[in-house]
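Chain order of the listed sequences is A and B.
Counting from 1, one number per residue, gives the positions in the first sequence under this note's numbering.
Counting from 1001, one number per residue, gives the positions in the second sequence under this note's numbering.
Hint data in this document are derived by calculation from the structure and do not stem from the laboratory.
Take every hint as true, because none was put in to throw you off.
Computed list of lysine-lysine pairs in DSS-like fashion (alpha-carbon distance at most 30 Å, straight line):
(1) B:1126 x A:273
(2) B:1061 x B:1194
(3) B:1194 x B:1223
(4) A:273 x B:1132
(5) B:1132 x B:1194
(6) A:273 x B:1125
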Amino acid sequence: MSGLTGTGALLRFALRRDRVRIAVWIGSLASLYLYCVFALAQVFGDTESQQARAALMRSPASVLMTGPGYGLDHYTLGPIMANELLLWFILAAGLMSAFQIVRHTRAEEESGRSELLRAGVVGRHAPAVAAALTVLIANAILAVTSFAALVSGGLPVADSLAYVLAVALGALVFGAVALVLAQASEHARTASGVTVAVLMAALFIRGVGDMEQVGGSALSWFSPIAWSQQTRVYVDLRWWPLALPVVFIALLLALAALLASRRDYAAGLINPKPGRIDARASLRSPSALAWRQQRTTTIWWAVGFAVMFVAVGTYIDSIDSVMSDVIANTPVVADVFNPDDLTGAFVRIMLLFGAVAAAAFGISAIGRARAEEVAGRTELLLATPISRARWLGAQLAVPTLAAAGLMLLAGLTFFAGSLTVGVTNPGLVEYVAASVAYLPAIAVIVALAAALYALLPRLLPTAWVFIALGLVEGMFGDALNLPAALRWLSPLHWVPNPIATDGGSWLPLLPLTALALALFAAAFVGFHRRDVPTS
Amino acid sequence: MLPIEIRDLRKSFGTTKALDGLDLTVQQGEVVGFLGPNGAGKSTTIRVLLGLLRSDGGEAKLFGGDPWRDAVALHRRLTYVPGDVSLWPNLTGGEAIDLLARLRGGADPTRKAELLERFELDPTKKARTYSKGNRQKVALVAAFASDAELLVLDEPTSGLDPLMESVFTEYLREAKAAGRSVLLSSHILSEVEKVCDTVTIIRAGRAVESGTLEELRHLTRSKVMAVLPGTGSVGEARVAQLTALPGVHDLTAEPHTEGLHVVFDVDHEAMSGVLTALGDIGVRGFTAQPPSLEDLFMRHYSESNVEANVEIGSLRRDRSLELPTSTQTTDLDGDSGQP
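The shape of chain B in the complex, shown without the other chains:
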């Protein structure tokens, strides 16, 4: 009996198809990343799972039950954090946490105190005075204070600063260690990369890619940055040599103090040939990045959908501003494939 099992799920709002044959599975004890830009159908999927929206077709099962019909019984086993938390303006954060916990059957006060301290949340303020990040923390504290088997998190870190994001990641790992299952919807890719076992990428209401991170990385290219000796015609010849190699894409070259700085993408299976060529040239500096989820994501969205392109474009900018250190940099002995 899987925590979440969705097959061919469909849901329309008027003429808009929000979900168009979505498949998604969460195994017991698994943390599943659910990726897609705004409007892809992530929240609609979660609302169907919570029995808030009625599906138009296909199958959605929560612990083997019908999320619409058995909502109350199923909700005893899960906890939910929405992406945009709205709280009762005249309740304090502490009161809202207690209310949500009690409706789920009560929470441990020491656990609540610990979470409040870790998330640096002042529970005595009225909810109307909280910023977006603080409202988000209220929902997170209520969720992590519960001992539900399944955590359904819809872009839970929107509005949190990087420090708080790492606290969140820590509690997510703890939940995973305790054997709880998690559905984590996000467009913050580094967050998903850190904790998720498998990833489902959704686009226009349908899953376009699904599998473990390792599996998905096979589908894409690594980014290589290298410094080549030689300038002028020598440099140009070397650039031409590299460009001619099979599996090398989008090569750019810029003058560098020691010669030329080149950046290019390499297909996974062509990496060994590239390394040999670089070795022959006598490369001075070398960095290779394994494909990040962001690259995966970009490839899925940049192919046809112009609108999605715009979204991803802004996404990438946001991320490079917020988390400049989040992309993994690995040298030759990393997992980018040493010959």
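Chain A extracted, bound-state conformation:
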């Protein structure tokens, strides 16, 4: 088929170009497998702790973030891996696959680089097929290494095989979604962004479906993530649900090929329409421009936050009843979890998730300041009578205020959701207080990204370490038995929870606020001194 000419060369090129990138993804995921297998086996080594863990996993908040709950009655290492971690491995491998696909298809096309290639002896479908093969190879390598990790932890071979296949197929579904969106959308950012939104929707749909009953409801099956989880791996293995992702991937690939053969080079499905001849009167300052640049993304994030937290809020009334049943059946749980504080724990986990997401939004928005500078647009503005402080102020204010706004929105919509099911305790004030408590910690992470951008722009991506740390520490800190020094490094670790009965002290918020201010100040001083652009 002439449409595929050159695929082999492009594939080799992609693997060569991304050898470090792919190795880092696979290396970190494989190490995580290994760590989980051994750490979980140790932490949940006896029946008592396994039962306590299983009880916690029955709570709606846990269900939303884990799995359908197979094997909770005999909750050993295998079922823990399947119920709690399968989802996160699919998420991580899915993001890797989706970003990799967009990077080698639409991003190349948008930048004009693939125009050079396509002018050579390269078929129309070759870049997309080469990208898909790259992702297939990366997932295959991950499957082999993670299989070895699982088996080395003493887990059954057949189930481990199903596990790594379930992760690979789940990830490839999102790779295929990205491939379709890369054909449909004119811009790489849109393609990646919508793929992430699809991933989040898949996560959320199965979460809501699984909350309805243990083992999942009909709704769960609308999520590709559930297909992998429904193999009941390590509990009562069945292979047939894995046929669903295979068929779905085939359909998506066919759709992508159809779209690709019908569109022009560099075009999307929607043609751009003419815009304004003159700018609105309000577009007359660096901050107006920064808001204009970030507006669309910010609004979509806000919509996502509102939808998610209203939905989460509607579950607040079922926490107590679900957990009371659990405690009645398994009295040992009451020793571990204060029965009066179930709501507090639920709210804490959900708001932590919101805080991590808001801080991630902040870092990615500061990454756009860097993109402005690298593209040469900062230079264009700094050549006008705009001071560096004013430009940087605008670039930092929008992400910082938007991240804070998202966090407050989380608390407000959480309360709104709980109101719809008639729960007024905790009240609005408590929710707002709980959200506000996160603001200094979010500000520290955003300010750290700002300081890195201003002082050592090349190191800006290291700010993401604190997102990963915040998530892992907050959600699995106890389960993975992380060392205290590492937990203290996460700014989110210090945040009190006014809704919990033992919510912790508000005192750490003072040093957190001071740290955030110091980092912002460092950003302004550093940016005032350095060359623009600094590569």
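Given chain A's structure and the hints, the job is docking chain B onto it.
Same frame as chain A, but now just chain B:
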């Protein structure tokens, strides 16, 4: 108080010396050409002048002020067009022009409309759909719509077609007539020849030549093309006679319908002797080209720097493709020196 005054300016990036003792001056109301190939340090100089880069040594003054410390105040008096304009992808060209103008204090809408029409730019398109030339036009419209005292233009016509280049030249002349000062960095020599009062040639971060076009032309040779009668041994004797003349260089001869077609370079002071000799021979056709800036440029770069040679080589090819009519051809009564 000169618009631009640079003395012994130095700037390094790591171990690379981008500027190594550069001198450059722009007088009030003067259009200064700033010539050099890619990597010579033109953009670095301009970025230091704009207060974007901090100099490592020497002195750079903009209207007598410090470009790093007084950036904001000084920027009220200048406008800048970069060589590779990058625009906000989700803004239309019209919006970008308005934004840049407003940050400088606002622009006249009629002037903007006129410029858009002259540069044939559709302002309703999103910047991400613009070609390089169109992005360049956006920055040019924003610059010419302002009434800044100083225009800092960094290879402003890269990506423009010859028609648009002439529109650009026209507006540049208008700015000059209005008494505005201009620093025009370029490697398109014909563009500089058309409008600049003085020229500074930069090589490896230092000014190697600086002066008015007339002054610089004294430093080089004119190119002469002539048709001589006679073939065979007669022709050969005449070629030998010419080659032997003082100040004649690089002579080549080819058969021609009326005899021999010869091409050679002549030192300025030897021109009169050459003309006498040609008159004695009974020359049939004659053309002399005054030294173009390109020749000046070539001489400065072809002497030692092999890398620069490659660059200039491609430059010359580009130019002969783009602008076949740009070299000036003058006959005997031109400025190549009649005896």
